[in-house]
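Protein chains in written order, with this note's numbering: chain D, 1 to 522; chain U, 1 to 345.
Because the hints were derived from the structure by calculation, they are not lab data.
Any given hint might turn out to be false.
As the list claims (entries may be wrong) - A few chain D residues facing chain U, derived, Cβ under 8 Å:
1. P3
2. T4
3. V334
4. P339
5. Q349
6. I461
7. S491
Glycine residues also receive a C-beta, built at the ideal position from the N, C-alpha and C atoms.
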Amino acid sequence: MIPTIIGISVVTFLLVHLAPGSPVTASYGASVSAGNVEDEARMYGRRYFLHLPLFLNLHIEDVESRAEDLLAAAADPQRRPFVRRQIAALGGAGIPHVVPRLPDLEPDARQAVLDGLDVVAERIGVAEEMQEKGDREAFWRDYWDYYKMDYRPARARRLVLRFVLEGNELAGREILKLDTFCLPAILDELGKEGLDRRTLPLMDMLPRITGIERAGGTGESREVNEQALRSWQDWWWHHEDEYAQCNALCRVTGSVTKTQYAKWLRRLATFEFGESTRDGRMVSDKLAERLPITLLLSFLAIIVAYLVAIPVGTYSALRPGSVVDRIITFALFVLYSLPSFWVAIMLIQLLCGVGILDLFPLRGLTSPGSGEWSLPARALDLAHHLVLPVFCLSYVSFATLSRYQRSGMMETVRQDYIRTARAKGLTERAVIFGHALRNSVIPIITLLGLQIPYLIGGSVIVERVFGIEGMGLETFEAIRGRDHNWILAVSFLTALLTLFGILLSDILYAIVDPRISYEGRR
Amino acid sequence: MKERRTGTARPFGRAPLRRAFSLFMSSWLNRIAILFVLLLVAVALLADFLASDLPIYLRFEGRSYILPNITRPDELRGLDNSALLDLMVEGEDWALFPPVPYHPNQSKVRGEIDSLAPPSLAHVMGTDDRGRDVFARVVYGTRISLSIGFVAVSIYVVIGLLLGAVAGYSGGVVDASISRLIEVMMSFPAFFFILAVQGMLEKTSIFQLMVVIGLTRWTDVARLVRGEILRIKNESYVTAAVSAGVGRIRLLVRHILPNAMGPVLVSISFGVAGSVLIEAALSFLGFGTPPPTASWGELLTQAYAHHECWWLTAFPGASLFVTVLSYNLAGEGLRDAVDPRLLYE
Chain D
1 MIPTIIGISV VTFLLVHLAP GSPVTASYGA SVSAGNVEDE ARMYGRRYFL
51 HLPLFLNLHI EDVESRAEDL LAAAADPQRR PFVRRQIAAL GGAGIPHVVP
101 RLPDLEPDAR QAVLDGLDVV AERIGVAEEM QEKGDREAFW RDYWDYYKMD
151 YRPARARRLV LRFVLEGNEL AGREILKLDT FCLPAILDEL GKEGLDRRTL
201 PLMDMLPRIT GIERAGGTGE SREVNEQALR SWQDWWWHHE DEYAQCNALC
251 RVTGSVTKTQ YAKWLRRLAT FEFGESTRDG RMVSDKLAER LPITLLLSFL
301 AIIVAYLVAI PVGTYSALRP GSVVDRIITF ALFVLYSLPS FWVAIMLIQL
351 LCGVGILDLF PLRGLTSPGS GEWSLPARAL DLAHHLVLPV FCLSYVSFAT
401 LSRYQRSGMM ETVRQDYIRT ARAKGLTERA VIFGHALRNS VIPIITLLGL
451 QIPYLIGGSV IVERVFGIEG MGLETFEAIR GRDHNWILAV SFLTALLTLF
501 GILLSDILYA IVDPRISYEG RR
Chain U
1 MKERRTGTAR PFGRAPLRRA FSLFMSSWLN RIAILFVLLL VAVALLADFL
51 ASDLPIYLRF EGRSYILPNI TRPDELRGLD NSALLDLMVE GEDWALFPPV
101 PYHPNQSKVR GEIDSLAPPS LAHVMGTDDR GRDVFARVVY GTRISLSIGF
151 VAVSIYVVIG LLLGAVAGYS GGVVDASISR LIEVMMSFPA FFFILAVQGM
201 LEKTSIFQLM VVIGLTRWTD VARLVRGEIL RIKNESYVTA AVSAGVGRIR
251 LLVRHILPNA MGPVLVSISF GVAGSVLIEA ALSFLGFGTP PPTASWGELL
301 TQAYAHHECW WLTAFPGASL FVTVLSYNLA GEGLRDAVDP RLLYE
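All chains, full assembly: derive it from the sequences and hints.
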């Protein structure tokens, strides 16, 4: 079971990478303002971890490698504005890796990097000192000589602890001075302690340090703050590699965990599928809205299928070889071969007012204006709308199930206990309903789980034809609009549902047939 | 179809394959099914002779053209049947026109577009929303449907045979991992998964559709072959072959696989029906055969958009239905015919 789920997740994951071209250019393309293409691409890539390798990460990115990349990029005049912005955003975490290497740079590149550092200087409160000094490069050289010892992770952790435990103002100022260098310690502390009176001021610092605004902070309500914390943690989950340094242990575990697949798997485990690239809504919200409609349709279709299949199959099994039996068998076979979308279109043309008869509504599940009707009227309206879709969804199922029911019943009436029942003089009715029927439905009950994948596939077509806004129609729209997150979420979910269906079949088998036990011998 | 007559004369001593064949042909339903299967293949192969914008034989301006509908000579570029008919000189030129003188993608006849015309003498099945002849599109749709059916099934039968044979024959870790792979692939609802794959791919082509269906639906064949091989491995004739010193590969290819082919044959027949259905459903949703290629599903999409045009529903839908039904019937008949319990009883 577990290996199969992992296998399913790998296949679904590989499905993403079928799409030729990078989803970055495909999705953000339209919304970019001219100058910041690289920044936007970077942000978008971060959001979906596109910078990470698929399954194995041997070149782990951390703040050091990022700083190196930026310094290398500074050699290209075209990319200098980008470098400037990135150095500014990197902030204090970048100082230990950028400042000591300033003398190695070309003069022009150095200027770009220094421009970026100006913003950092402003933030950590040394801008005035730098102004006095005049020579920016010399200032940073002296700064680094003087404050080198401050930039140690252990010190950042201690400062955060002192700030939280003792409410030490001085420690707070020191944290702001170290800027983004303290982010790992801050987020670590927030994650461990949660939000309370003491840690709240810590969260207040985050917007100042990162330059990102989030609702929440001192004075806001608890819910807002909780949500703000979650959103900060989510941000950190995406951006940790940019600010934290990776030691040897982190490099070993990171080779597996810092991959697109691992990040994706973790999101799946919490059923967080990201947002729909088509309309920006959360996929999980949309699923909660659409899935019940599809489940309602499927549930009704299953009930109809069984309600038809059991009597039809039984009836024809009790008259094997007769004309009626042969007609039923052939009719079921024909029904089984009828393409459901063809049937659906024909039904619409014949029965929905455009053709000969006007018996059923054309589209949707509710009539316009039905919201104000009384409950029974609304239920009737819904039932009226459901007739055709449920028929189209269920007829292939009941054609298949009837055939199984027929052979199941024929198998049953051959058994000795049926002969015994007849021999002791029971009426035929009592024999069939009292003794045979319950045992004859065992095969088709166990097929219940296997109907699920079929119904899911069918729902796309039926919902499309009848304009029902369920999961199937949304999937159809999603494929049209290349909404990858939705397609992935739904593929994964349907596979899980199918797997669940197979499991359900096994369990039902054990329940309806006491001879089969999963505990003893099999 | 379980109670089908299994034939009266089944002499022993005939090869199983021939016995299965005579068993199969003893039912009239199977004979009809096979007739339709062959008829559809013929329509697909002869599509150019049934509907084309150029004649089958043409004598025009002192030259004779053999099969211009297939060779498409440069001299006739820009001309079609109706234009030729206007240009031809009585008594001197003559032509053998196909029964339906339109190309499936041809929307103009004598420069005019006659769209959504109901069936008439000029267009026996009417025209679609771009004025293309529905009969021509249905005929060419047969070609597309069947070629997708056959190629997709060939791809997945090859994959399924290979993986199933390896799994069943070698056992152990190989078997376990292939079985797991089958289990994973089977967890994806077939149609839904193909839809998702088609949605992820940028451009769709017919060939790609064949490959996608082929790569996703091999699990049934693999499972069947694996099961058969596990069964056959313990038969006494295999033991006899081993003791006679037959090598492993030869044992598998010459002795075991041929006897495992019965269920595969059945699954091919059902598979073609299934693949044709999948292609039509995908094209109906707009993710299958890319336009302007003729496809039954695409015609049904038009029928959905134009509710009042019954001819757009009836003809392509009926062709699809007949195809699926006859392949399913043939599969059902084959299943009974190759069932070892019936064969050796």
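Against the structure, the hints:
no.: 1; hint: P3; result: holds, 6 Å
no.: 2; hint: T4; result: holds, 5 Å
no.: 3; hint: V334; result: holds, 6 Å
no.: 4; hint: P339; result: holds, 5 Å
no.: 5; hint: Q349; result: holds, 6 Å
no.: 6; hint: I461; result: holds, 6 Å
no.: 7; hint: S491; result: holds, 5 Å
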